[in-house]
Amino acid sequence: MASSQLARRAARRLLSSQHRRHCAAPACPWLLGSAPPVLAPSPVAAAAAGDRRGFCSVRRFTGESNAAAAVEEAENGLVAGGDQQAIDFPGGKVSFVAEMNFLPESQRERINCYRVLDDDGRTISGSRFQEVSKELALKMYSEMVTLQVMDTIFFEAQRQGRISFYLTSHGEEAINIASAAALTIDDIVLPQYREPGVLLWRGFTLQEFANQCFGNKLDYGKGRQMPIHYGSNRLNYFTVSSPIATQLPHAVGAAYSLKMDKKDACAITYFGDGGTSEGDFHAALNFAAVMEAPVIFFCRNNGWAISTPTSEQFRSDGAVIRGQAYGMRSIRVDGNDALAVYSAVHTAREMAIKEGRPILVEALTYRVGHHSTSDDSTKYRPVDEIEHWRTARDPISRYRKWVQGNGWWCDEDESELRNNVRQELLKAIQVAERMPKPPLAELFTDVYDEVPSNLREQERLLRDTIKKHPADYPADVHI
Amino acid sequence: MAAKSLREIRRAAAAGIGSRRCFSGDAAAAAAAAAGVAEGKVGGGAGKEVNLFTAINQALHIALDTDPRSYVFGEDVGFGGVFRCTTGLADRFGRNRVFNTPLCEQGIAGFAVGLAAMGNRAIAEIQFADYIFPAFDQIVNEAAKFRYRSGNEFNCGGLTIRSPYGAVGHGGHYHSQSPEAFFCHVPGLKHLRTLIPWDKETVEASVSKTGKLLVSHEAPITGGFGAEIAASITERCFQRLEAPVARVCGLDTPFPLVYETFYMPTKNKVLDAIKATVNY
Ligand SMILES: Cc1ncc(C[n+]2csc(CCOP(=O)(O)OP(=O)(O)O)c2C)c(N)n1
Ligand SMILES: [Mg+2]
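Protein chains in written order, with my numbering: chain F, 1 to 479; chain A, 480 to 759.
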């Protein structure tokens, strides 16, 4: 028998026995026909009182016996306080109440947002956060700047027609770098596509980024995917896949494996506000809670999914509220505050690993750039909104104020850093651009572990064609 | 020319689903009609030449204009869609009939089935055919069988799903695929007028005349729709065939970015196959 049916029967039994007790006691004479005590009905209950279907469905749940029906009648606004009724239901004790209270669609106030640095880069008094050493703080800062410069230069390279596509993380540098800094290299990263900074933090070189964007023979993905689809086994960074949210359930599986292997590590997966609408998001959160998997779900709520604003994406209070629905701890954090992101992920990681549980982090931020080089976001959002986030809320300048306020950084350091990154990138691009594409044979490898006969035959036919029509094919692919 | 124009429509307007007579011209058919206007020009007729997205846009305008129970929706459809096919529709017909959906293909397809089952014309957009797979269950198990499994108590014949497909030159794995064969394998789904049912008679008549046939598509060759055409024509025209049916198709690999020209059924592959067939 289905367990829910069993539970329902148990509920019925419990109800009717309680009912019997009630009836026997002279303390509830109203059951025998005298006037019921007047309880002020809640507005919702009053409104629903005329709806017979509502009562019918209550009756159906609690049981068909007359006794149970009588209890329900009593409960529909009539049960006196004091005698608490409850049911042991799978998941724990549930109290019965006399009022018909629908849960509201939202809490009175929105879930608040954890922040350490104010807009001027000063720590908010009383704020609790994870200590960051000078060395770590500076590394975080310079990686944030590096990411910003890299984005600017690759975006330009695409505009010049040198690479086919690009997508920046502008405005989300703190999320990228600070979350990465709070992890160890043993933690497994399952990215969406707007988190190259995590890979940068882990040691992916600018040359490696360039190789992927140019799809040359040193690209680990062998030129098969579009630019920005990075991946590195060495750095525990699963290869980016374009379909949204597919990596979320993978993260739960990976996390479960880490737990079974008793590793001091967790999995972390990143996704956007748009990603929370996909079925895979819900599947993953539920699996993670049930499997007690040490996984961090990191939602970058940047306000937009291409042209779709979050108001047309969900009506919940963002993503953070969903955690509780799945039985998972969650926190909302200021995504443009590097110290807050760092502290939240640091703590989430500890809880995930030590307690074997998933954690949901929602970072509030803004996609300052266009969705990608295929997009012009001024078509669907106001320019001053973009400008406001690009200037007043810029995570890099806020963090810089803090670093500089500590006396750890000065203007000369800044221009030296930016110059160096620029030079290194321009060189990386030149090298990557000149590098040949992967050889033709790689077109057929990795479809399976070994190349099967149908593909061997197709390769042979293709080579014949190329011999006949060499001019049809790009010169930078070695045949 | 007709074949080419239909092919182009297919590229941007894939799956017309259902077979309800009461929807005399679904959006896909309207797209075909609009493109037919373009073709008229080429053929020396009177129409104005328009490109594909304009044809689709016009067809959607016609559908929304002529049927007050028609709806157009999908990811980013509100501002005009990432291929601009829904430009101007929300402004003209209002946000209740032309709207963005949350980013969820299974939701789009399932919502569309329910909307259509209530007697509406639901025109859903899946942003790229590569992203139709989360909706596969709703399309294959629900939309396709809605009428049959209910003994025609219910149908979702007013449902059309539009989705751009095919290679663009820089799309890589997930902005290039041609998934039509998956859907052609499902009884109950109509793919425009070009695939289910495809025009066997015309092809048969042509093969009867020439004794030769070449089929080409971008999707991987194995299990592609070309196999279906080749088998059917072999059944019908076995005696008249003068050469084996040739297939020039995509390779049996995922769609590869830097190898796109190697993967594709390009013109010289087709030309070589034509020569081989003629000289067989
Ligand atoms: C399954 C799927 N459907 C649609 C798309 C097309 N698409 C690419 S990015 C994107 C928006 C994603 O928004 P969000 O998750 O908020 O991430 P952001 O781009 O804001 O970082 C869409 C709809 C896709 N890649 N995959
Ligand atoms: Mg977003």
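Hints in this document: simulated from the structure, not taken from any laboratory. Beta carbons are placed, not taken as given, at the ideal position from N, Cα and C, and that holds for glycine. Mixed in with the good hints there might be a few duds.
As the list claims (entries may be wrong) - Derived EDC-like pairs: lysine to aspartate or glutamate, alpha-carbon spacing no greater than 16 Å straight-line: (1) F/K468 - A/E680; (2) F/K354 - F/D264; (3) F/K259 - F/E208; (4) F/K262 - F/E350; (5) F/K401 - F/E387; (6) F/K467 - A/E707; (7) F/K401 - F/D384; (8) A/K669 - A/E621; (9) A/K679 - A/E697; (10) F/K217 - F/D413; (11) F/K379 - A/D751; (12) F/K401 - F/E385; (13) F/K354 - F/E208; (14) A/K746 - A/E680; (15) A/K748 - F/E459; (16) F/K139 - F/E416; (17) A/K754 - F/D264; (18) A/K746 - F/E412; (19) A/K527 - A/D544; (20) F/K262 - F/D186; (21) A/K688 - A/E739; (22) A/K748 - F/D472; (23) A/K748 - F/D464; (24) F/K217 - F/D464; (25) A/K754 - A/E721; (26) A/K746 - F/D375; (27) F/K401 - F/D118.
Stated by the list, open to error - Sample of chain F residues with no beta-carbon within 12 Å of chain A, all distances over it, derived: (28) D219; (29) N454; (30) L455.
Legend entry - Broken hints, by number: Numbers 1, 3, 5, 6, 7, 9, 10, 11, 12, 13, 14, 17, 18, 19, 21, 24, 26, 28, 29, 30, in rising order.
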